[in-house]
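Let chain A serve as the given structure and place chain B on it in line with the hints.
For the protein sequence lines, the chains are A and B, in the order given.
Taking the working numbering, the leading residue of the first sequence gets 1, the next gets one more, and so forth.
Taking the working numbering, the leading residue of the second sequence gets 384, the next gets one more, and so forth.
Incorrect hints may have been included.
Examples of chain B residues toward chain A, derived with CB under 8 Å [claimed, not checked]:
no.	residue
1	M411
2	G419
3	T424
4	A628
No lab work stands behind these hints: they were computed from the structure.
The C-beta atom is built at its ideal place from N, Cα and C for all residues, glycine as well.
2 protein chains.
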Amino acid sequence: MGRDSPDRCLIMVPGPTNVPSRVLRAMMKPMISHRGPEFRTLYRGILENLRYLFQTEGEVFVLTASGTGGVECAVSNLVNPGDKVLIPVFGLFSERMREKIARRGGVPVEVKLDYGEAPTADQIERMLELEKDVKVIAIVYNETSTGVTVRDLPEIGRIAKERGILLLVDAVSILGGDKLPVDEWNVDVCVAGSQKCLACPPGLSLISVSERAWRRIERTERPFYYDLVAMKSFRERWETPFTPAIPLFYALDEALKIIREEGLEKRFERHRVCSEAFYRAVEALGLEVFPRRGVRSNTVIAFKKPAGVDGAEVRRLMRERYKVVIAGGAGKVRDLIFRIGCMGAVSSPDVIRTVSALENALADVGYPVEAGAGVEAAKSVLF
Amino acid sequence: MGRDSPDRCLIMVPGPTNVPSRVLRAMMKPMISHRGPEFRTLYRGILENLRYLFQTEGEVFVLTASGTGGVECAVSNLVNPGDKVLIPVFGLFSERMREKIARRGGVPVEVKLDYGEAPTADQIERMLELEKDVKVIAIVYNETSTGVTVRDLPEIGRIAKERGILLLVDAVSILGGDKLPVDEWNVDVCVAGSQKCLACPPGLSLISVSERAWRRIERTERPFYYDLVAMKSFRERWETPFTPAIPLFYALDEALKIIREEGLEKRFERHRVCSEAFYRAVEALGLEVFPRRGVRSNTVIAFKKPAGVDGAEVRRLMRERYKVVIAGGAGKVRDLIFRIGCMGAVSSPDVIRTVSALENALADVGYPVEAGAGVEAAKSVLF
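With the rest of the complex left out, here is chain A (with noise of 0.2 Å):
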């Protein structure tokens, strides 16, 4: 059932991405109780290599939720009603990251861009002019929805320590596949997702506190499942305050271990090099990447389906005939784009494999492609 075996699709989706043997194994380890000895060795090791993950100084956190679920919980903990938020939306999910501190009674307060494009220091800082009173600024580092990354991060960072407020950033698809130093960018809760460039399986969220960030929480009024108070307190004698699901955790603990091993800055690397050659591939190839240079993300790599060709279709092709999942798009631009998965144990022959699969299918439904000139191309890079 390995990822080795003839039927096995390659997944080339952004998020859940393809899981290494070793990390699959770690679930198989037997079943033990949470408020036991083995959970707390468990944990323990866990935590500090997220420590190692994030940058950070400050406390970390693995909660039984998705992304979505972990991303509400830092709302929910930096954001009381009445509270202004100031957000970005260039996609679907910094609009879900809007919903939810709507749905938290926070009143957002929006910088509104076109799908494609990402929001800039400057733009940040002429909205906090215009508005007083802003609590926390939410920013979505990488919108998997449009393939963009938010480069100017560091620096809104700044703006945020400088004028006292709180930065909390969704990094869900992003952490561990490009650069995120939390505690240097002054980045105050930080979210990640285990299935995106951890190369796990999905279930878990990663959450980073800075010190500055407590004061604000414990003013909050919390939900349960989401209290941060009571996740720092049971971290005390590293445990979890309800159940975690424990073999998320084995795999979760081996799929750090592989990060270490290889080391950050080989990791964004590797995803940096396979992107690259991606965006060369789809170029060569004569399609369009969706969003415009400097604000490419290393993750997840968006480009724009060709004007008459069923997208839907070369995607059943791929699958069915090549045996590679990618995604179309999501929210506006669904039908407009192709979407590839960047992430994790990403490596040269999937870059090659899928950069295949997707000139094949464009060629079966008659979209003229110069046969090899992606796979060409990609290979320039990578090799």
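Just chain B now, with coordinates in the frame of chain A:
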């Protein structure tokens, strides 16, 4: 790493429980996209078997969160700020439910009982005479902290239905181990956990929703991750709104197949017989069962720690010397009782091994036990 390896502890806490190898192995299946055909087939099969488990024609859902998250989800969907919720409080988990209601802004109307007691239909009815405008009755069907089951639940369901009040049931530690036909008993929203009587790993909540409940749910302000209306709309195409914990879905699928193969009636009877064996054994050892007769649980066995015995030491000896893990108390009775999980895959050999370990550990700390008395008493029930 299976259940039979020599150093392997038997996990007899009230969740997580021992997971059969078939279920563990299911988690090794390859990662899939949660927006693809494989996932839809998987989820559809799970939901069909969940309807069998809940004995309902209503909607059922799987939420990636532990039981506490599932119960909070139910509360958030049924209770608006200001709503009165009648809640009997008779242990840690009913205290937690009360706390969730309060944090949601609801007004908990308490029926306070001693630990070890269970609310009766009469008590509920009397409280409803005193308190007008109760919108929801919230019941913990099986108090995991005290080993108590609310045997009047069917009658409470009739009362709720007659008065047009919704009935929310926390069945986290009992569904699959004892009778709970949610349609027949007029349970409007029922929540269970994957890691208890289903013999599946922790990390998923299972939720059933009656037709009647939808009319209320549609009018509440629901948090994003817990939104049952969104879950229903995605369910129509056999998807979840957010990335599900795929390996745990594989495990749940397998665990539910095992349940159908055994059949609910046989499964309930197995739990009943094993629990009866535990109760007889405990009494044969001269120990006192914690709850009174008539409300004792078939899934959680709670009994008093004998005076003068160091409970932590008994449990340490059981774990380290005899390889059986049981739990101490929780909440107010933390240091006063022991608890044994009699759940999921529990079998005669598990009962014998656990009782034998308990006997031996008690003897080791100098508590006078008649050697073999517990095991003999258990055997007389089991064989």
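Ascending list of hint numbers which this structure does not respect: 3
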